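A.B. asks: Whenever a hint applies, use it, and build me the whole structure from the sequences.
Taken in order, these protein sequences are the chains called A and B.
So the first sequence is numbered by the numbering used here: it starts at 10 and just counts up by one.
So the second sequence is numbered by the numbering used here: it starts at 4 and just counts up by one.
It is possible that part of the hints are untrue.
[What the hints assert, rightly or not] Here are the in silico distance ranges between beta carbons for each label pair:
hint : chain 1 : residue 1 : chain 2 : residue 2 : range
1    : A       : K411      : B       : Q200      : 55 to 61 angstroms
2    : B       : S457      : A       : T366      : 43 to 49 angstroms
3    : B       : T374      : A       : L439      : 41 to 47 angstroms
4    : A       : L439      : B       : D129      : 52 to 58 angstroms
5    : B       : N115      : A       : N144      : 42 to 48 angstroms
Hint data in this document are derived by calculation from the structure and do not stem from the laboratory.
If you're wondering where the values come from, they're calculated on a predicted model, not measured in any experiment.
Glycine included, every Cβ here is placed at the ideal spot set by N, Cα and C.
Below are the chains, spelled out letter by letter.
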Amino acid sequence: MNPTEITTHISSAANILNIDKWDYGASFSNDYSVQVDKGTAKQLKASQKQVITLRVWNKDNLVGITTTSDLSETGIKKALRQANIASEFGNKNEITDFSPLAKDPIQIKEVDKKNPLGIKKLLKILREAESRLINSHEAIKSIPYNGLSESFYERIYANSDGAFRNYSKSQAAIYLYARAEEKDKKPRSSGSVKLGYGVEDIDIESCIKEAAKKTIAHLDYSSIKTGKYLVCLSPEAFLTLMNAFSSIFNARSIIDGVSLSNKNSIGELISIPALNIYDDGLNDQNISSAPFDGEGTPTKKLSLINKGKLENFIHSESTAKIFNTKPTGHAGLGSKVSVSPDWLVIEKSNECSDLNTYLVHTNYQGDFVYIEELNAIHAGVKASQGSFSLPFEGWLYRNGEKRSIESATVAGDIKYLLKNIINIENEKELTTSGISPHVWINELSITGDE
Amino acid sequence: MVSASIKSSEIRFGECNKKLLEEVIFYGISLGADFVEIFIENSDNSSVLAEEDFITNVCPSFNKGAGIRIFKDKRDGFVSTNDLSKHGLMRSISQAIEMLDISKKTNKLIFNGLEKLKDYSESKIDWLNKVPTINEVSEKLLLSTKSLKKDKKVVVRKGSYARNWQEVIIASSDGTYATDIRLHQTVGLNIIANDAQYRSNGSRRFGSHGIPNEFRLWDHEKASNEVYESSMNMLYADYVQAGQMPVVLANKFGGVIFHEACGHLLETTQIERGTTPFSNKLNKKIAHESVTAIDEGISEGSFGSLSIDDEGMEPEKSILIKDGILKKFLSDRAGELRTGHKRTGSGRRQNYSFAAASRMRNTYIAKGEFTKEELINSISDGLYCKSMGGGSVGATGQFNFAVEEGYLIKNGKLTKPVKGATLIGDAKEVMPKISMCGNDLELAPGFCGSVSGSVNVTVGQPHIKVDSITVGGR
Chain A
10 MNPTEITTHI SSAANILNID KWDYGASFSN DYSVQVDKGT AKQLKASQKQ VITLRVWNKD
70 NLVGITTTSD LSETGIKKAL RQANIASEFG NKNEITDFSP LAKDPIQIKE VDKKNPLGIK
130 KLLKILREAE SRLINSHEAI KSIPYNGLSE SFYERIYANS DGAFRNYSKS QAAIYLYARA
190 EEKDKKPRSS GSVKLGYGVE DIDIESCIKE AAKKTIAHLD YSSIKTGKYL VCLSPEAFLT
250 LMNAFSSIFN ARSIIDGVSL SNKNSIGELI SIPALNIYDD GLNDQNISSA PFDGEGTPTK
310 KLSLINKGKL ENFIHSESTA KIFNTKPTGH AGLGSKVSVS PDWLVIEKSN ECSDLNTYLV
370 HTNYQGDFVY IEELNAIHAG VKASQGSFSL PFEGWLYRNG EKRSIESATV AGDIKYLLKN
430 IINIENEKEL TTSGISPHVW INELSITGDE
Chain B
4 MVSASIKSSE IRFGECNKKL LEEVIFYGIS LGADFVEIFI ENSDNSSVLA EEDFITNVCP
64 SFNKGAGIRI FKDKRDGFVS TNDLSKHGLM RSISQAIEML DISKKTNKLI FNGLEKLKDY
124 SESKIDWLNK VPTINEVSEK LLLSTKSLKK DKKVVVRKGS YARNWQEVII ASSDGTYATD
184 IRLHQTVGLN IIANDAQYRS NGSRRFGSHG IPNEFRLWDH EKASNEVYES SMNMLYADYV
244 QAGQMPVVLA NKFGGVIFHE ACGHLLETTQ IERGTTPFSN KLNKKIAHES VTAIDEGISE
304 GSFGSLSIDD EGMEPEKSIL IKDGILKKFL SDRAGELRTG HKRTGSGRRQ NYSFAAASRM
364 RNTYIAKGEF TKEELINSIS DGLYCKSMGG GSVGATGQFN FAVEEGYLIK NGKLTKPVKG
424 ATLIGDAKEV MPKISMCGND LELAPGFCGS VSGSVNVTVG QPHIKVDSIT VGGR
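C.D. replies: This is the structure:
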């Protein structure tokens, strides 16, 4: 079935069941992926998926929802009936409606949709990449985590008020995580991930080089003494933290009482004035961009922190109504609609005269800890309390020399961190989760083995 | 359970599909596959969320699909699809054959047809009708969130329920032909307490398998008291000071550390990847002699129990470590093929869209002889980890776990609560340091995410003492 046919089927079934108001989001995908183990195909995988999430409004204007992969006439009717039953339990205190922007124009990025390369070609490319990475250094014994995938998908949103929008995309990804071992030393592991619209777009060469460089660099490690350190966060690490604490900007989290912000926080100075943060899902460099959210609201660029002050929250239709504003294109379809950021862009504002601009990670000669990658975010972040305690991969710099840190965690408080930024470097870097420069923090607690 | 719309050339749940499945398997074998496995699933799930004094989310979902796996030598190709017609299944077979680049129509095995159906679902047909209705669930969840309203400091109260009903058909070219019904129910409570600049969380999760009435019997008052007390105890807690120290880990969910830090390293998928330090340690000492560890899928009602695994094998009780000696790895079909370790009924997957892999079920450290008090009394300066949060294990075996509720131990006694503690180490170094095991083994349900998706498990242990571990803090 094509998107128009599905909409017609739902509309007809809803008529039969006397359901006047409904909307749906659907996703259809074909995915192909390969993994290898020392030149041998380890697992080859293909999947064809279809899933539809249907919402219906009952006579009391309460919403019910159902998700199904059964798009037969019977399946759609069953889903509508179940959603109708669920609507009896709809939230009377927070009435959800169609997004008022669900018919506004959307921007679909002009990118070439790629054709599938097929499993055999994926396998050949990944085998070569694995072999080159293993041969890049004698200490690299295996690439235990590796994969190359391509995905072709279509997303649809439509409602009974006549809104209808869809887009289709292709996306590809490679990840290579190497394991290196040397005699009398603990094994070390690091890696790299690269995305593209198709496998042809992926810079596989840089993925191999980056994975090799990071893994080998960590072979010469030493433990670090527990204490407080000057810390430089890599673009990836700073973005990881900001995404983990994105409930600060999230209207849904504020209403639910799990955010550090409240309804009156707009305009509050939450970081040093030199910091700007945007959410920019449509950024040209965001491979995963979507032109509309789960409620059909167009995606747009939104300033979250401007010169250190909270400028906007991200919203769904219902949170926007409560805050007396418009939805921002960050909703996920559900009977309780979720809200989440798309793609963060972090930069230095023009109020940056107080920054210690001599702190540049490539040439600063003093002592500091460089945090390359933060791990175990799901376990070590307490977003509702603002605290974090996270293992990391990184280096201790002393007198211009760097040495990999064996095993350590960094702990702190996000409010303290944002107010204790002492430099934001000029150069911004593209990562898989956004764009950011290196960010320096005055003092953070590091726990090591000493 | 039976979809009326399915045509005759499609899989029908609740009916005999033997002929159709044999045709599909024979097709794969005739094209040169060494082994063909078909996993077909029909699921009916629902979840309910109560926030404060209102139901804010009711979400049913229904899914059907098939996962088809083909082996050629030691390689495998896996295809998943929502198309359960004969044509759809055949197309998936062709796709898997093409993926594996099988051109020679020679294979090691001959397909002699499927065995007589092993029907593990017979006594479970009415489970879906016996589970609580959304009305019942809503009422009880609202009672539980109401009973969390004990203090003005409690600013967020949540209760959540999820029911996962799954009907499976498993058929493979070694003759395996089985069907089963699984029913998992889980309920969780969460609160946030707040007083001026102080904030704390409290949470507990409960779960069962194969007991439709379990939620009705759940003692929500007891559960909410536990969550409330935990949150209040931690509200004004100071941050723990980092360092090396002895710790006592509580029973029940304290077992998550063994699960994550050691259990995963005893799965054959880790041997295949070369990421376990224990691959050549069979029958060698890897832990303190006080440690015996077990993984099984047979404890009645436990969240990780199964009648059959997702490859059609009945689960066994696997003694992984006996008195500190490594005795067994957890293995699935691919694990047996690639590592030589016999299958243990541990082939598990989240759903049809994942290939099965060797995964834990109910995993625990066996009880010892000491009381909890004896463990604590043996420490002059250390940490008692009463409640553990989540954690992770890296590719080199290093683990990191958050302590949700911790207390300092001074001179053999529990003293003040502390927050922000993280336990850091690696299994190879920590296992020999588990020097005392308590006599109070208990299990707790959880979800384990890994190569074949998220599966239901239980973790468990008695109280245990670790002589020294790195505690991250401030």
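A.B. asks: Each hint needs a verdict: does it hold in this structure or not?
C.D. replies: Outcome of the hint check:
no.: 1; hint: A:K411 to B:Q200: 55 to 61 angstroms; verdict: violated (37 angstroms)
no.: 2; hint: B:S457 to A:T366: 43 to 49 angstroms; verdict: holds (46 angstroms)
no.: 3; hint: B:T374 to A:L439: 41 to 47 angstroms; verdict: violated (57 angstroms)
no.: 4; hint: A:L439 to B:D129: 52 to 58 angstroms; verdict: holds (56 angstroms)
no.: 5; hint: B:N115 to A:N144: 42 to 48 angstroms; verdict: holds (46 angstroms)
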